[in-house]
Amino acid sequence: MVGCVDLMHYVPRHKAEIGYWLGRRFWGKGIMSVAVREVATFAFKKLKLKRVYAYTFPANKGSARVLQKNGFHREGVLRKSVVKKGKFFNDILWAKVI
Amino acid sequence: MKYVIKTKRFTLRPYRKSDALSLARNINDPLIYRYTLHIPYPYRLSDATKWFKKIIPEYRKTRPTCIHFAIEMDGEVAGCVGLSNIEPRHKTEIGYWLARRYWGQGIVPEAVKLVTAFAFKKMKLRRVYAYTFVPNKQSARVLQKDGFKREGLLVEATKKDGKLRDEYIWAKVK
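These protein sequence lines map, in sequence, to chains A and B.
Residues in the first sequence are numbered consecutively from 1, following the numbering used here.
Residues in the second sequence are numbered consecutively from 99, following the numbering used here.
Honestly, the hints are just simulated from the structure, not real lab data.
Even glycine gets a Cβ: it sits at the ideal position worked out from N, Cα and C.
Honestly, I wouldn't trust all of these hints.
[What the hints assert, rightly or not] Some but not every residue of chain B turned toward chain A, in silico, with C-beta under 10 angstroms:
#1 S144
#2 I184
#3 A255
#4 K257
#5 L262
[Claimed, not checked] In silico DSSO-like links for lysine-lysine, alpha-carbon gap of 30 angstroms or less:
#6 K211(B) x K80(A)
#7 K85(A) x K159(B)
#8 K46(A) x K257(B)
#9 K115(B) x K261(B)
#10 K85(A) x K258(B)
#11 K87(A) x K258(B)
#12 K272(B) x K261(B)
#13 K219(B) x K258(B)
#14 K222(B) x K46(A)
#15 K261(B) x K87(A)
#16 K272(B) x K50(A)
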């Protein structure tokens, strides 16, 4: 196992959040773009979801790129919406709707 | 923590079991149902008692997950401003409703302003956020008046009457 794509906060026939990580030595090969594409397609086609959404840290350009390549749209920036190690960060919200 | 805020026109205070009747009477309105997600219509006395079982124990907790302020006017529960999904020292969602006969008097803007200030000052939160349905201009106005900023439009993010709806997310941060 070199990484993972999850669907979370699953609401049947409606929506789910998508999240993912990949071991660093596999970065830069387009693996995550394909993995996210396949899982999103699974969510829409098999699970019959209408909306798949994701959050990224503003500094995480790589993750944003994965979503953009897969047709996710940026819906907004949620200010100070996450805490990590006692610090507040903005959260960028992305979604793909069919 | 003491959850009472008094103003000239109304009092914000915790719900009590004895509010069931006035709550059920004042919230039972299709126009309140229309733009909210968790308020049934018709609203029965049993909906009020079920609701109280969920929210009244929270007032006593040191880390409550929700705090609902009843808006008391003329001896009745005329509305509510609620904080939900509270994450201690971080954030909370805010929501509200008001009996139709009190609309247009600036009651909700005043109440939301007070509860938001309470969330920042007393509860030490850094973010208060709200969702509104796109056509609900009045609710958006309430938030704008208190300095909430629109952060985004969530496409088909919520379901109402079996239909998917878009919603705005608003927030005020400190």
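Hints versus structure:
Annotation: interface hint on S144(B) violated; nearest CB of chain A at approximately 26 angstroms, more than 10 angstroms. At its closest, the beta carbon of I184(B) sits 14 angstroms from a beta carbon of chain A; the interface hint therefore is violated under the 10 angstroms criterion. Against a cut-off of 10 angstroms between C-beta atoms, the interface hint on A255(B) holds, since the closest Cβ of chain A lies about 6 angstroms away. Contact between K257(B) and chain A, as hinted, is supported at the beta carbon level, the nearest pair being about 6 angstroms apart and thus within 10 angstroms.
Using the Cβ-Cβ criterion of 10 angstroms, the hint placing L262(B) at the interface with chain A is satisfied: the shortest such distance is roughly 6 angstroms. This hinted pair checks out: K211(B) and K80(A) have alpha carbons roughly 20 angstroms apart, not beyond 30 angstroms. Only pairs whose Cα atoms come within 30 angstroms are accepted, and K85(A) paired with K159(B) is accepted, the gap being roughly 25 angstroms. Of the supplied pair hints, the one linking K46(A) and K257(B) holds, its CA atoms being roughly 20 angstroms apart against a limit of 30 angstroms.
Using a Cα cut-off of 30 angstroms, the hinted pair K115(B) and K261(B) is violated, with the two alpha carbons roughly 34 angstroms apart. Among the hinted pairs, K85(A) with K258(B) is inconsistent with the structure: their alpha-carbon atoms are about 37 angstroms apart, more than 30 angstroms. A distance of roughly 36 angstroms separates the Cα atoms of K87(A) and K258(B); the hinted pair therefore is violated under the 30 angstroms criterion. A threshold of 30 angstroms between alpha carbons decides the hint, and for K272(B) with K261(B) the separation of about 35 angstroms lies outside it, so the pair is violated.
Only pairs whose Cα atoms come within 30 angstroms are accepted, and K219(B) paired with K258(B) is rejected, the gap being roughly 34 angstroms. Of the supplied pair hints, the one linking K222(B) and K46(A) is violated, its CA atoms being roughly 44 angstroms apart against a limit of 30 angstroms. At most 30 angstroms may separate the alpha-carbon atoms for a hinted pair to count; K261(B) and K87(A) exceed this at roughly 38 angstroms. Note on K272(B) and K50(A): the hinted pairing is violated, with a Cα-Cα distance of about 34 angstroms set against a maximum of 30 angstroms.
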